[in-house]
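Engineer: Letter by letter, the chains look like this.
Number of protein chains: 2
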Amino acid sequence: MDYKKIDNKDIEYILSIIQDKQRVFHGENINEDYSHDELSATKKMPEVVIQVLTTEEISKIMKYAHENKIPVTPRGAGTGLVGSAVPIYGGILLDTTKMNKILEVDTENLTLTVEPGVLLLDIGKYVEKLNLFYPPDPGEKTATIGGNISTNAGGMRAVKYGVTRDYVRGLEVVLPTGEIIELGGKIVKNSSGYALKDLMVGSEGTLGIVTKAILKLLPLPKKVMSLLIPFPNLDMAISTVPEIIKSKSIPTAIEFMQREVIVAAEKFLGKKFPDNSSDAYLLLKFDGNTIEEIEKDYEDVAKLCLEKGAFDVYISNIKQREEAIWSARGVFLEAIKADTSEMDEVDVVVPRNKVADFIKYVHELEEKHSIRLRSFGHAGDGNLHVYILKDELTEDVWQRKLEEVMEDMYKKQRELRGQVSGEHGIGLAKKPYLNQSLSPTTLNLMRGIKSTFDPNNILNPGKIF
Amino acid sequence: MDYKKIDNKDIEYILSIIQDKQRVFHGENINEDYSHDELSATKKMPEVVIQVLTTEEISKIMKYAHENKIPVTPRGAGTGLVGSAVPIYGGILLDTTKMNKILEVDTENLTLTVEPGVLLLDIGKYVEKLNLFYPPDPGEKTATIGGNISTNAGGMRAVKYGVTRDYVRGLEVVLPTGEIIELGGKIVKNSSGYALKDLMVGSEGTLGIVTKAILKLLPLPKKVMSLLIPFPNLDMAISTVPEIIKSKSIPTAIEFMQREVIVAAEKFLGKKFPDNSSDAYLLLKFDGNTIEEIEKDYEDVAKLCLEKGAFDVYISNIKQREEAIWSARGVFLEAIKADTSEMDEVDVVVPRNKVADFIKYVHELEEKHSIRLRSFGHAGDGNLHVYILKDELTEDVWQRKLEEVMEDMYKKQRELRGQVSGEHGIGLAKKPYLNQSLSPTTLNLMRGIKSTFDPNNILNPGKIF
Chain D
4 MDYKKIDNKD IEYILSIIQD KQRVFHGENI NEDYSHDELS ATKKMPEVVI
54 QVLTTEEISK IMKYAHENKI PVTPRGAGTG LVGSAVPIYG GILLDTTKMN
104 KILEVDTENL TLTVEPGVLL LDIGKYVEKL NLFYPPDPGE KTATIGGNIS
154 TNAGGMRAVK YGVTRDYVRG LEVVLPTGEI IELGGKIVKN SSGYALKDLM
204 VGSEGTLGIV TKAILKLLPL PKKVMSLLIP FPNLDMAIST VPEIIKSKSI
254 PTAIEFMQRE VIVAAEKFLG KKFPDNSSDA YLLLKFDGNT IEEIEKDYED
304 VAKLCLEKGA FDVYISNIKQ REEAIWSARG VFLEAIKADT SEMDEVDVVV
354 PRNKVADFIK YVHELEEKHS IRLRSFGHAG DGNLHVYILK DELTEDVWQR
404 KLEEVMEDMY KKQRELRGQV SGEHGIGLAK KPYLNQSLSP TTLNLMRGIK
454 STFDPNNILN PGKIF
Chain X
4 MDYKKIDNKD IEYILSIIQD KQRVFHGENI NEDYSHDELS ATKKMPEVVI
54 QVLTTEEISK IMKYAHENKI PVTPRGAGTG LVGSAVPIYG GILLDTTKMN
104 KILEVDTENL TLTVEPGVLL LDIGKYVEKL NLFYPPDPGE KTATIGGNIS
154 TNAGGMRAVK YGVTRDYVRG LEVVLPTGEI IELGGKIVKN SSGYALKDLM
204 VGSEGTLGIV TKAILKLLPL PKKVMSLLIP FPNLDMAIST VPEIIKSKSI
254 PTAIEFMQRE VIVAAEKFLG KKFPDNSSDA YLLLKFDGNT IEEIEKDYED
304 VAKLCLEKGA FDVYISNIKQ REEAIWSARG VFLEAIKADT SEMDEVDVVV
354 PRNKVADFIK YVHELEEKHS IRLRSFGHAG DGNLHVYILK DELTEDVWQR
404 KLEEVMEDMY KKQRELRGQV SGEHGIGLAK KPYLNQSLSP TTLNLMRGIK
454 STFDPNNILN PGKIF
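Protein chains in written order, with the numbering used here: chain D, 4 to 468; chain X, 4 to 468.
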C-alpha cells in the first residue's frame, strides 16, 4: 500500500497538537517494545509514537493522518497475542495507556465510565470496593479496557456472565476521519438503527479508536467457591461438561486442565498445586450471595461429576486454597512460555459438545508431527487454547511443523463448525485461517464496512482480512 | 427512487421459481392485510406477494430483484408497530410465515434451530416441554421469531435475561444480492472478524433476510412468583427501581403500571385485577429453582419497597392470581387501543434513573396539549411505552397535536440521553426522530453499511434512515 512516510513537517504538526514533547517519540527515541506484542512473531517499528491524553488530540491526529494518508495503529498495554497492535506499515503509533482515568461510577444505573487506558485489574479493584462487579475476566489482568474492547475479550467467567461486548453499554469513538461519535449510552436496551456499538466491539482497532467506554456493572456476589475435580482422563472430564450446563446450577467458570500444564505452573510459581496426581481436571467456580446458595449448586454438580467417573471432588472453601488454584490457572500461559524456547498459539472456539473431539485430535497431532502441544481452556464455552512449542527444533523444522500443525488444527475447527478465534482476535497471525473459515461473500461485507468507516484505509491497516 | 414496476414477465419468472401458484398473489388477489402492520398509519399494497418456503426460493427471488431493481419487503406476522414491513415502494412482499418449522433442538449445546416464521408462542411451548427456556418475552406472542430478530425485540424479562440479540447464536441470511451466508453458529464465543451476526439482529430486514436462526436456550427455572406492589404515586414507585436493581436480588421483570391502564385492561378482559385502588404499581417477577430461593429474593425486595413507602405487597403464589396479573399486563396495548378511536405510540428508552423524570413529563404534556396519554412499561430497563390517544379529536387537530406531543417527548428523550426506540425499532414511523437523535456522521455510517450489503437499495428501502 502507498502510505506517506513521516517527515519533519509531520513531526512539527504533531508537536503543534500535542505540545508536550515528552509524549512524542520518533526515530531512535522509540522504545523497541512498541514494535511487537506479547506473542506474535511479526515485529515492526513505528515512525512516531504519541502518548495521547485526550479525545481531541486523537481526533486532530486522525484528521491529519486521514488527509495525508499516514497509517495509524492504536495500542493499549501491548498484551495482545495476534499482532493487532503491531504497526506493520510504520506510521504513527497511538499509545493510549496514559488515558487511564476512571471518569464516573453511576450507582443508580450501575455503570462505570472509563478512559481506554485503564487496566482491567484497576477496574476490578475500584468497583469491588463499592460492592460492585465487572464480570469479564480474561487471564491477562494488565491489559487495558480499550484492548479488551478491541478483541471482545472473553475470559473465565463467560460461561455464566458472557463476554466484553455484553458489558459495553456505550462508547465514544474517534473515527479514522477524525470525527467523534457516541454509540449507545447508559441505556439498557436499544433498537434505534444498526448496532454500531456491537460492531465496534471486537473490531481490533480497525474501525475507530475507543476514547471512552460506559461499562455495565452488577452487584458483587458475596461468596465465591471452587471445585477442583480430578478425572481418570480428559475425555471423561470434558464429556461431563454438557451435563453440567444442562443442570440448573450454572457455574461461573468451567475450565479444563491436564497434569503437564499443572506441573509447568508449579515449576513457574515455585508452589505446589493442591493435587497433580491425575491426568485431567475440571476446575469449576461458583458464585452467589450466601454459602448455602452456592452449596446447593455445587453439591448437585459434584454428585454429577462423581457419577460420571471423577476420582474425587476437592472443595476450595478456604481463601488460601482458592488462591493457590486460581493463581496457578492464571499463569498457565506464562508457565508454558517459560518451559520452551518459542511458541505459537491457537484460540479456536467449537460447539461445547465438540471440545472433547478437538482435544483428542490435538493429542493425535502431537504424535503425528512429533511436536509438543499444550492445551487448556474454557471447557464451559468451547474456547480452547492450544500452544505449539518449538523446544529444540531448528528454525526451519519449526516453521514447517508449525504451519502443518496449524493447517491441521484449523481444518478440524472448520469440520466441527467452530470459529478461528474465541477471544484473542485475528490480527495478523490468524488472517490466513479466517480467510479459509469465512466465505468470500462474508469477508467482502467486512471489507465494505471497513471502507465505509475508513475510506483511506489508514487505521490499523492490514489486520483481520 | 427509480424502481422497476412488476410486469407479466416478472410474474412468469416468479412462478417459474415458486411453481406452486397457491403461494403467489398479485393484483386484486392480494389480501389488504399485507398493506399495513399492527399500528403504523402508512398503508401501501405490494404488487406481488410470495409465501416463500425455502432459502433457495428467497435467494433466487432476491437475485432477480437485485438484477432488475425491484423493491422487496420481508414480512413475518405483521405485528410490528412502526411500519417496517409496509412495502412503501410496492414491489415484492416476501411472506415468511410458512417457513415455520422447528428444525432441531440440541440438548448438549442448548440451542434451538428454527425457520424465521415460527411464532414466539410456539417456541415457548416447544422448549418448555423439554424443560428448557427461551427468555426473550415481548408482549406480542404471535410475532414470528424472524420479526423479533429484525427489531431486536426486548420484552419483560430483559431486566434479568437481556434481549433477542443475546439469544441469537447463529443466522443463515439471504443477502439483497441473493447470496446466502452463515453468521455465528452453535459456538458460545466469537472474536473472528466483525460482529455481522449482531449487526444483522435489529436491522429491520434492511440488510438481509433471516432464513434460519440458531437460538440459545437456558434450563427452565422451575418456579416463578410475582409481587404486585401498590404505591401512593408513580414517582414513589419508580424511584424505588434503582434501589431494587442495586440489591442483590435481580428480578426477572420490573414493570410499572397506573390505575387508568389497569381499569382499561379490566374492561377489555371483563375480569377484575387483584387490586386497582392505588394510583401506581410496580409488578415484579422472580424466577428460580426452588420456592425457598425465590422467597429469599423477594422478601428483601418487599421489605425495601415497604421502606420506600409502598402501601402493601401482594404475593401471587397461586397460579390463578399469577395468571390474572400477567394476562392483564399482556393486554395493555390492546386494551388502550380498544378504548380510543385511533392512537400512536412512543417506545423510548432512557437511563433507568430517568424513568420517573420522563413519566412526570408525560403527565405535564397531557395537560399542556389537552390530550389523553397512557403509559406503561419496563421500569427495570428504562424502556417506556407511551400511547397518544385520538379519542374524539378531529383529524386536523389530532395530526397537529400528535406532532407537537411527539416533538416534545423526543426532545425530552434526547435531553435525558435516551434513545428513540428500546425494542420496537424505527421503521417508517420514527425515522424523523432517529434523524434528530443520532449525529449525521453516525447516520452516514449506517447508510454506508446499507449500501455495502445492498448496493441497489432494493431490500426494504426507505426504512430506518
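Hints listed in this document are in silico derivations from the structure and should not be mistaken for laboratory results.
Predicted model only: the values in this text are computed from it and were never measured.
Accuracy of the hints is not assured; some may be wrong.
One copy or two, it doesn't matter: identical chains are merged, so the pair holds either way.
To be verified - Cut-off 30 angstroms, straight-line C-alpha distance, at most; resulting in silico cross-link-like pairs (DSS-like, lysine-lysine):
{"id": "1", "residue 1": "128", "residue 2": "249"}
{"id": "2", "residue 1": "251", "residue 2": "163"}
{"id": "3", "residue 1": "340", "residue 2": "306"}
{"id": "4", "residue 1": "414", "residue 2": "219"}
{"id": "5", "residue 1": "219", "residue 2": "163"}
{"id": "6", "residue 1": "415", "residue 2": "132"}
{"id": "7", "residue 1": "72", "residue 2": "371"}
{"id": "8", "residue 1": "415", "residue 2": "219"}
{"id": "9", "residue 1": "363", "residue 2": "219"}
{"id": "10", "residue 1": "144", "residue 2": "371"}
{"id": "11", "residue 1": "393", "residue 2": "63"}
{"id": "12", "residue 1": "215", "residue 2": "249"}
{"id": "13", "residue 1": "226", "residue 2": "72"}
{"id": "14", "residue 1": "434", "residue 2": "46"}
{"id": "15", "residue 1": "371", "residue 2": "306"}
{"id": "16", "residue 1": "299", "residue 2": "101"}
{"id": "17", "residue 1": "219", "residue 2": "306"}
{"id": "18", "residue 1": "414", "residue 2": "215"}
{"id": "19", "residue 1": "132", "residue 2": "299"}
{"id": "20", "residue 1": "306", "residue 2": "226"}
{"id": "21", "residue 1": "132", "residue 2": "322"}
{"id": "22", "residue 1": "104", "residue 2": "249"}
{"id": "23", "residue 1": "404", "residue 2": "63"}
{"id": "24", "residue 1": "163", "residue 2": "128"}
{"id": "25", "residue 1": "24", "residue 2": "225"}
{"id": "26", "residue 1": "226", "residue 2": "363"}
{"id": "27", "residue 1": "163", "residue 2": "275"}
{"id": "28", "residue 1": "249", "residue 2": "47"}
{"id": "29", "residue 1": "24", "residue 2": "226"}
Engineer: None of the hints should be skipped; say for each whether it holds.
Structural biologist: Status of each hint after checking the structure:
| no. | hint | in the structure |
| --- | --- | --- |
| 1 | 128 / 249 | between (33 angstroms within a copy, 19 angstroms between copies) |
| 2 | 251 / 163 | both (12 angstroms within a copy, 16 angstroms between copies) |
| 3 | 340 / 306 | neither (36 angstroms within a copy, 54 angstroms between copies) |
| 4 | 414 / 219 | between (37 angstroms within a copy, 26 angstroms between copies) |
| 5 | 219 / 163 | both (15 angstroms within a copy, 13 angstroms between copies) |
| 6 | 415 / 132 | neither (45 angstroms within a copy, 35 angstroms between copies) |
| 7 | 72 / 371 | neither (48 angstroms within a copy, 55 angstroms between copies) |
| 8 | 415 / 219 | between (36 angstroms within a copy, 24 angstroms between copies) |
| 9 | 363 / 219 | between (38 angstroms within a copy, 26 angstroms between copies) |
| 10 | 144 / 371 | neither (36 angstroms within a copy, 54 angstroms between copies) |
| 11 | 393 / 63 | neither (44 angstroms within a copy, 51 angstroms between copies) |
| 12 | 215 / 249 | between (38 angstroms within a copy, 24 angstroms between copies) |
| 13 | 226 / 72 | neither (53 angstroms within a copy, 61 angstroms between copies) |
| 14 | 434 / 46 | within (16 angstroms within a copy, 48 angstroms between copies) |
| 15 | 371 / 306 | neither (38 angstroms within a copy, 65 angstroms between copies) |
| 16 | 299 / 101 | neither (45 angstroms within a copy, 45 angstroms between copies) |
| 17 | 219 / 306 | between (35 angstroms within a copy, 26 angstroms between copies) |
| 18 | 414 / 215 | between (39 angstroms within a copy, 25 angstroms between copies) |
| 19 | 132 / 299 | both (27 angstroms within a copy, 25 angstroms between copies) |
| 20 | 306 / 226 | both (21 angstroms within a copy, 23 angstroms between copies) |
| 21 | 132 / 322 | within (18 angstroms within a copy, 42 angstroms between copies) |
| 22 | 104 / 249 | between (41 angstroms within a copy, 24 angstroms between copies) |
| 23 | 404 / 63 | neither (46 angstroms within a copy, 45 angstroms between copies) |
| 24 | 163 / 128 | both (21 angstroms within a copy, 25 angstroms between copies) |
| 25 | 24 / 225 | neither (47 angstroms within a copy, 64 angstroms between copies) |
| 26 | 226 / 363 | neither (35 angstroms within a copy, 40 angstroms between copies) |
| 27 | 163 / 275 | within (29 angstroms within a copy, 40 angstroms between copies) |
| 28 | 249 / 47 | neither (47 angstroms within a copy, 48 angstroms between copies) |
| 29 | 24 / 226 | neither (49 angstroms within a copy, 64 angstroms between copies) |
In summary, the numbered hints that this structure violates are 3, 6, 7, 10, 11, 13, 15, 16, 23, 25, 26, 28, 29.
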